[in-house]
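**Student:** Here's the letter readout for the chains.
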Amino acid sequence: MDERVIICKKLTKRFGDFVAVDQISFDVGKGEIFGFLGANGAGKTTAIRMLCGLSFPSSGEASVAGFNVFRQQESIKKNIGYMSQKFSLYEDLSIVENIQFFGGVYGVPDKEISSRSNALIQKLGLQSEAKKMVGALPLGWKQKLAFSVAVFHQPKIVFLDEPTAGVDPVARRQFWDMIYEAAASGITIFVTTHYMDEAEYCNRITMMVDGKIAALDTPGRLKQQYSADSMDDVFYQLARKAKRVDD
Amino acid sequence: MMMKYLLQKEFRQLFRDKAILAMMFVMPTVQLIIIPLAMNFDVKNINITVVDLDHSSLSQRLITKIGSSGYFRFINTSASYKEALQSIEKEEADLIMEIPDGFERNLVREGSQKISLSVDAINGTKASLGAGYLTTVMADFNQHVRADLDGHAIADGPVIDVTYSNWFNPSGEYKYYIVPGVLVLLLTMIGGFLSALNIVKEKEAGTMEQINVTPIKKWQFILGKMIPFWIMGMIVFSLGLLVTRLIYGIHPAGSLAVLYLFASVYLVALLGFGLLISTYSDNQLQAMFVAFFFMMIFMLMSGLFTSLESMPRWARTIADLTPITHFIKVVRMIMLKGSSLSDIKTELGYEVIFAILLNTWAIWNYKKTA
Amino acid sequence: MKQLLVFVKKEFYQVFRDRRTLLIMFGLPVAQILLFGFALTSEVKNARIAISDNAVDVNSLQIIQKIRASSNFLVDSDPINPNQINTVLKKGDVKCVVIFPPGFGNDLIHLGNARVQIITDGSDPNTARTLLNYLTAIIADYQKEISTPEVLPYSIITETRMLYNEEGNGSLNFIPGVLALVLMIVCTALTSVAVVRERELGTMEVLLVSPFKPVMVLIAKAIPYLILSLVNFLLILLLCVWVLHVPILGSIVLLFLETILFILACLSFGLLISTITHSQQSALLLSIMGMMIPTLVFTGFLFPLENMPLIFRLISNLIPARWYYLIVKSIMLKGLGFEYVWKETLVLTGMTLVLLIISMKNFKTRLS
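Protein chains in written order, with the working numbering: chain A, 1 to 247; chain B, 1001 to 1370; chain C, 2001 to 2368.
Simulated from the structure, these hints should not be mistaken for lab results.
Check the hints yourself; a few may be wrong.
[Said to hold, decoys possible] Each pair of labels, with its calculated beta carbon distance range: (1) B/Asn1076 <-> C/Asn2086: 49 to 57 Å; (2) B/Asp1320 <-> C/Leu2022: 24 to 32 Å; (3) A/Ser185 <-> B/Tyr1280: 36 to 44 Å.
[Said to hold, decoys possible] Distance condition first, Cα-Cα at most 25 Å in a straight line; then the derived BS3-like pairs of lysine-lysine: (4) C/Lys2343 <-> B/Lys1090; (5) C/Lys2213 <-> C/Lys2364; (6) B/Lys1203 <-> A/Lys86; (7) B/Lys1082 <-> C/Lys2213; (8) B/Lys1004 <-> A/Lys132; (9) B/Lys1044 <-> C/Lys2045; (10) C/Lys2364 <-> C/Lys2010; (11) B/Lys1367 <-> A/Lys78; (12) B/Lys1368 <-> A/Lys78; (13) A/Lys78 <-> A/Lys9; (14) B/Lys1065 <-> C/Lys2144; (15) A/Lys131 <-> A/Lys86; (16) B/Lys1218 <-> B/Lys1203; (17) A/Lys86 <-> B/Lys1218; (18) A/Lys123 <-> A/Lys142; (19) A/Lys78 <-> B/Lys1065; (20) A/Lys86 <-> A/Lys156; (21) A/Lys10 <-> A/Lys30.
[As the list claims (entries may be wrong)] Computed footprint of chain A on chain B; a stretch qualifies when at least three of its residues, placed anywhere within it, have a C-beta under 8 Å from a C-beta of chain A: (22) 1048-1060; (23) 1211-1222; (24) 1314-1324.
Glycine included, each C-beta is placed from N, C-alpha and C at the ideal position.
Work the whole structure out from these sequences, hints included.
**Tutor:** The structure is reproduced here in structure tokens:
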């Protein structure tokens, strides 16, 4: 049995009367690429925020990297990386400066920061832009950079919230190459997306509908189960019964 | 260790922000020049128009006396009160003096006469001063008239001579009063406005969330924000002091060290306030507006432009509950009177309490986890 | 026209959703009016005064009693001796000291002439001068009381009438000023930020690509603030009349129209700012922090314009708030009609047009 790096039992988040995340339970194994699919408004971002220690669960329990999501949030944060839906690197700092900051904050020693930083910039082909302000980069590059910064400190798990939103198909493919590489180096990937074709890239996926987990399995078995040709189709069948409308 | 990276990032961002840098350096100079020059409450020219219905030599004498008294600026004579009123309406005159028909004749015959004065009382100070001066001139004129008509001077009663001196500012110049206050204002803007705006900007941009997900501790983040602005504030304060010295020749009569001590504590209190505002604001507009609201109220109630003691009890209490009031009092005391640490220790105590209270509240409010 | 309404509706929704800003927008003028109406005054009251009485006779005590009875002063219960004067003034709580020399009463009655010395804390010249005036008036009064109470022949009596302000309200001057200040800052800031924010968020492009002229977009942005500011204006008037008991002497309709004109000027100014700034932060810094002091100083309600150096008076002519202040003062406090304010109205109209033209031009240039 591989090590379970994320364990969720009936995790729930309520905002007043509204139940955003309704008793979800699942596990994620080390090195897995775990996809969290669902329509907008289904509760994906809320779930991810609880797992990252950004939001207190209303009930249920969960542990991330072996730490309790209620009481040990700071320890969780030391061991994870996060890429939010909204681009959140510093647009008024350069690429190098952003890397330096986040690397340092996660405790990567200075020498390591500069060597890894150079390697990263080389790999992304951003040598000529290294000193430029991040705000000046086009969207596709921004996303790649954000991901790289999220895994820079080689965390155990990295959480990606809609990382490819608004990016063209070629860039999306390249992005997923980066994800594979990270997974291969032992980082567990937890990714949410509403692009159903990306589900195919994951080891296992769950489908969230109305805050609940409507399905949890590998893409292959789900397609079999629902006699579907594509994940789009699977999603359509499940989501048809959804009550929540995207706002 | 963490602090090093935080501070590195903050300073890099700060120095790249042209708008803020401009504000920090242009504003002190501009404000220190504009406000003291503009703020002058002297009542200089009181414009008077006269309606002379008597046209006698006595009324002429009166008019001449008033014109030469030095208090008034004589702008015209009007044929009637109605005409004179127009001068007031057009803001040309402040005061109408009406000499009735038969003034000279009736004064001799009946022994007394009335002169009517109409004052534009919208500006209360000017009005009462103008009326007061005119009464003085009239009393003097009356003495002479009495002496002429009666043939001999009438003995006055006992006279009290009042001598007076103005300490700490013998020339009574306003700038000594205003400039220290403007210095405080500057510091307040930097500490209050800019810090609040900066933190909310991160909230709006989404980088705040990114920070919340890292192992950066709450106190580290807050300190990382406060230190650069504290340094900036002290620089602006020093710049202000320099400008004050260069342009107005004012330098502190008291200890510079005590002044800086007070300023640094004050700045910490204000930064706490800015931080507090940022925890209650979702976007820059809100933060700015809330900060502006409080700034306006503090400024007006602080004793900067009006006197504190004249405020009713409840207003005075509110004023005492704001950090700025105490600093303005202290900065005047140190700069002009050379007051020492022991003189201001109560106020220093207040500021320390403010600093602790505001910062604690803000830190408690700022949550890494929602 | 219908499309414009759709736009305007969207703008309204956005504005109303931001509760906190709305709160401040209406709270600010209320707070200021209350402050100026009840807390701030150009008079001096409750000034602490210390007495050094080296005579302690009937006369000195009578004078001290008079001072005590005045609401302008708070007499320190403990008299001080001469070498305490410096300490006491330095400490800062006592604003002035009155010194009676030994033998005061004796000199006064038997020699007909005695001396009193007043020392004021000059670090606040305004208060010092005012307190001096009060004290000299009290002493002059006393002097009259103890002189022979004959009726003097050939008396000229002055009868004074206070125009426009019979109650002697010390803050009348401030009200039009507060109105001008609040409308100016709020309108300018909100408009400039509203436009810049759309640009920052990228939704501006969407609006501009739509089949509406850019002018429409800007008008739609301005309308909610125009209406909210008018509501603000009415709120301030209501407060003045009901809470401060300051009546509006002139035509409310005229006042209303002039206010619309002024608001338009401010909105245009806000637009102008939005075309020269690149971020919300700059727009906010410029329109609030940058404009606060100049508006406060150059409108002329806090500090008298006539005392300022020539160059400041010239600069003040460029500030729309200064003209509006005059207009409001004339209409509201003096009850004057349009014949008296047509000049100022013309100036305001001119300013609005100039601001609009410049910002329109800038806006179009930014687009291309």
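**Student:** Given the hinted pair C/Lys2343 and B/Lys1090, is their alpha-carbon gap at most 25 Å?
**Tutor:** 11 Å, holds
**Student:** Does A/Lys86 pair with A/Lys156 here, judged by a C-alpha cut-off of 25 Å?
**Tutor:** 22 Å, holds
**Student:** For the region 1048-1060 of chain B, do at least 3 residues have a Cβ located nearer than 8 Å to some Cβ of chain A?
**Tutor:** violated (count 0)
**Student:** Given the hint that A/Lys131 pairs with A/Lys86, does the C-alpha gap stay at or below 25 Å?
**Tutor:** Satisfied, since the Cα-Cα distance of roughly 23 Å is no more than 25 Å.
**Student:** Are the Cα positions of C/Lys2364 and C/Lys2010 separated by 25 Å at most?
**Tutor:** Answer holds: C/Lys2364 to C/Lys2010 is near 23 Å, not above 25 Å.
**Student:** Hey, B/Lys1203 versus A/Lys86, does the alpha-carbon distance stay inside 25 Å?
**Tutor:** 12 Å, holds
**Student:** Straight-line Cα separation of A/Lys10 and A/Lys30 no greater than 25 Å?
**Tutor:** 21 Å, holds
**Student:** Is the Cα-Cα distance between C/Lys2213 and C/Lys2364 25 Å or less?
**Tutor:** 11 Å, holds
**Student:** Between the alpha carbons of B/Lys1044 and C/Lys2045, is the straight-line distance 25 Å or under?
**Tutor:** 24 Å, holds
**Student:** With 24 to 32 Å as the target window, see if B/Asp1320 and C/Leu2022 comply at their CB atoms.
**Tutor:** The hinted range 24 to 32 Å holds for B/Asp1320 and C/Leu2022, with Cβ atoms some 30 Å apart.
**Student:** Is B/Lys1367 close enough to A/Lys78, meaning Cα to Cα at most 25 Å?
**Tutor:** 17 Å, holds
**Student:** Against the 25 Å threshold, does the CA-CA distance of A/Lys78 and B/Lys1065 hold or violate the hint?
**Tutor:** Violated: A/Lys78 and B/Lys1065 sit about 87 Å apart, past 25 Å.
The structure shown violates the earlier hints numbered 7, 19, 22, 24.
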